[in-house]
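Sequential numbering of the sequence shown, starting at 2, is according to the numbering used here.
No wet-lab data here; the hints were simulated from the structure.
Hints may be right or wrong, so weigh each one.
If you anchor each label on the Cβ, the simulated ranges turn out as follows [claimed, not checked]:
1. Glu388 <-> Gly164: 29 to 35 Å
2. Lys459 <-> Ala265: 20 to 26 Å
3. Glu261 <-> Asn462: 46 to 52 Å
4. Gly257 <-> Glu467: 37 to 43 Å
5. Glu130 <-> Ala343: 33 to 39 Å
6. Asp307 <-> Asp86: 29 to 35 Å
Mimicking DSS-like on lysine-lysine, the simulated pairs with C-alpha atoms at most 30 Å apart in a straight line are [as the list claims (entries may be wrong)]:
7. Lys471 <-> Lys362
8. Lys339 <-> Lys374
9. Lys459 <-> Lys484
10. Lys484 <-> Lys470
11. Lys264 <-> Lys40
12. Lys459 <-> Lys471
13. Lys374 <-> Lys126
14. Lys484 <-> Lys471
15. Lys288 <-> Lys264
16. Lys470 <-> Lys113
17. Lys374 <-> Lys484
18. Lys470 <-> Lys459
19. Lys471 <-> Lys205
None of these values were measured; they are calculated from a predicted model.
Just so it is clear, CB atoms sit at the ideal spot from N, CA and C, and this is done for glycine as well.
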Amino acid sequence: MKFDRRNFLKVSAMASVITGAPMINRTFFSSPAFAATDKVITFLSAENLTGNWDPTSHTTLGQINLESFVFGYLTRAPMTPGNPDEIVFELAESMELLDEHRLQFKLRKGVKFHNGEPFTANDVKATFEYASQPDRPAAWYPGLCTVDVVDDHTAVVNTTEHGYPASLFWFLSAFLPIMSAKDLADLKTLASRPNGTGAFKFVKQDGNTTVLEANADFLGGAPKVPGLNMTFVGDATTRMLSLLSGEADIIERLEGEQVETIKAKQGFAINEAVSVENKYLWFRCSKPPFNNPTLRKAVAHAIDRDVILDVLGVSGTASNAWVSPVKFGYVDTPNYPKYDPAECQRLLAEAGFPGGQGLPKLQYITSVGFYPKTKEYGEVITAMLQEQGFDVEFSAMEIAAWADNLYDRPGGGPGDMIDCGWATGSPEPDLVLRTHFHSSSKRICGIEDAELDAVLDKERNATDPEARKKIIQEELMPMLAEKVPSLSLFTSVFIHAMREDLKGIYIYPNGMMDASKATNT
Numbered sequence: 002m003k004f005d006r007r008n009f010l011k012v013s014a015m016a017s018v019i020t021g022a023p024m025i026n027r028t029f030f031s032s033p034a035f036a037a038t039d040k041v042i043t044f045l046s047a048e049n050l051t052g053n054w055d056p057t058s059h060t061t062l063g064q065i066n067l068e069s070f071v072f073g074y075l076t077r078a079p080m081t082p083g084n085p086d087e088i089v090f091e092l093a094e095s096m097e098l099l100d101e102h103r104l105q106f107k108l109r110k111g112v113k114f115h116n117g118e119p120f121t122a123n124d125v126k127a128t129f130e131y132a133s134q135p136d137r138p139a140a141w142y143p144g145l146c147t148v149d150v151v152d153d154h155t156a157v158v159n160t161t162e163h164g165y166p167a168s169l170f171w172f173l174s175a176f177l178p179i180m181s182a183k184d185l186a187d188l189k190t191l192a193s194r195p196n197g198t199g200a201f202k203f204v205k206q207d208g209n210t211t212v213l214e215a216n217a218d219f220l221g222g223a224p225k226v227p228g229l230n231m232t233f234v235g236d237a238t239t240r241m242l243s244l245l246s247g248e249a250d251i252i253e254r255l256e257g258e259q260v261e262t263i264k265a266k267q268g269f270a271i272n273e274a275v276s277v278e279n280k281y282l283w284f285r286c287s288k289p290p291f292n293n294p295t296l297r298k299a300v301a302h303a304i305d306r307d308v309i310l311d312v313l314g315v316s317g318t319a320s321n322a323w324v325s326p327v328k329f330g331y332v333d334t335p336n337y338p339k340y341d342p343a344e345c346q347r348l349l350a351e352a353g354f355p356g357g358q359g360l361p362k363l364q365y366i367t368s369v370g371f372y373p374k375t376k377e378y379g380e381v382i383t384a385m386l387q388e389q390g391f392d393v394e395f396s397a398m399e400i401a402a403w404a405d406n407l408y409d410r411p412g413g414g415p416g417d418m419i420d421c422g423w424a425t426g427s428p429e430p431d432l433v434l435r436t437h438f439h440s441s442s443k444r445i446c447g448i449e450d451a452e453l454d455a456v457l458d459k460e461r462n463a464t465d466p467e468a469r470k471k472i473i474q475e476e477l478m479p480m481l482a483e484k485v486p487s488l489s490l491f492t493s494v495f496i497h498a499m500r501e502d503l504k505g506i507y508i509y510p511n512g513m514m515d516a517s518k519a520t521n522t
């Protein structure tokens, strides 16, 4: 298993980190010489924060984005289309698979946490062993692990006692923020304020605004801007107007009409990126009637995903698998459910509900204010299902109410279908696949299926990456197409808009950003 080794510290701007890699889904801005007029960056986020600064306590993308400014990672994963396994080293200098169950990291020297504590292998040990605990709300796949501390700057992830390959942590090293062992010894401290090694330090929470200041001791060099303010603004139109009026420097989650409005103005730039996020219609597989896979397939064949893409415009692109095209193992699944009303009717009859007769009223839940066009395409999906005989009640909820209804629970989660995306900062596909479809980790759909468990275990335990990819593409994806615990509707295109004078921002395919080389004049 060999990957190019890139040195994060030797580049002058993030635009040149991946020399020679395709830049299909990124917009880069070259950084001019430092200007004394550089000012704080104001970023308007589409999602609010949880109030708990423990990175393992949540799955919210807004907070993950903020963590990308404050925390350091062993590696980063740019995830360009066609090159999903590219790795950039950050807190780690190198990564080596010693044997099937041991993955060694050599760590950078001289790095400090924002509270002044030195970064060592003990912090890697504490982070990995804590975050892999199954009781964490954001339990870190693939499971429990042990970290052997060889010396202050050598850590070995060891899975010998837990029975799966350590190679699974190759991609996952880019997913987990490294926390301080001292903080992890006092979880109240960990939850009360973020303390990382990243380019920006946490200052305070002021209402919906998180205030950050530049970290002069950042391992990549002191940021050029003095700080960054991240403010929650739930309405996309308000975010756009704030950018146009000069109140914001960068905004996220735009819709097509807003993109056109901004493009028509002078002084702004647009970044469009094929993302790691797929949007799914999740079925409540843990309760009737969608504990029946035949009925789930009937729904899948009732939905014309091309029409949904027409509604989305620039905000979505086609996907025929349960992971994004920038994830390891993506394949255009041959038996992926396609729009076919006749097949829908055949499956309805096979499930015992000819023409939809005898089906209960089905509740379809979605959110408004965060994901683009959820209400609009949700109404389209509802009409498509009703046309085939499904009695569907559509509920569009504000983000907080939707989040309260999102996860499965004993007896089955609220409603019968719920719309939700899933984005992770790593090419590792099991952050989606195992997280949602293995019986040991029932997040949204709540499926329990021995055949799915067996093939998920098989691909997880494959020690050769190519063998693992083959299992994912030729066994797992076709099985998901037959069982349809969720329907992947499309892959999100993340759209950011910014002032033209904001230069040097690097945007990852999961929405995280690197502003360490940014200038804002």
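**OP:** Hints the structure violates: just list their numbers, smallest first.
**Re:** Numbers 1, 2, 5, 7, 13, 15, 16 and 19, in rising order.
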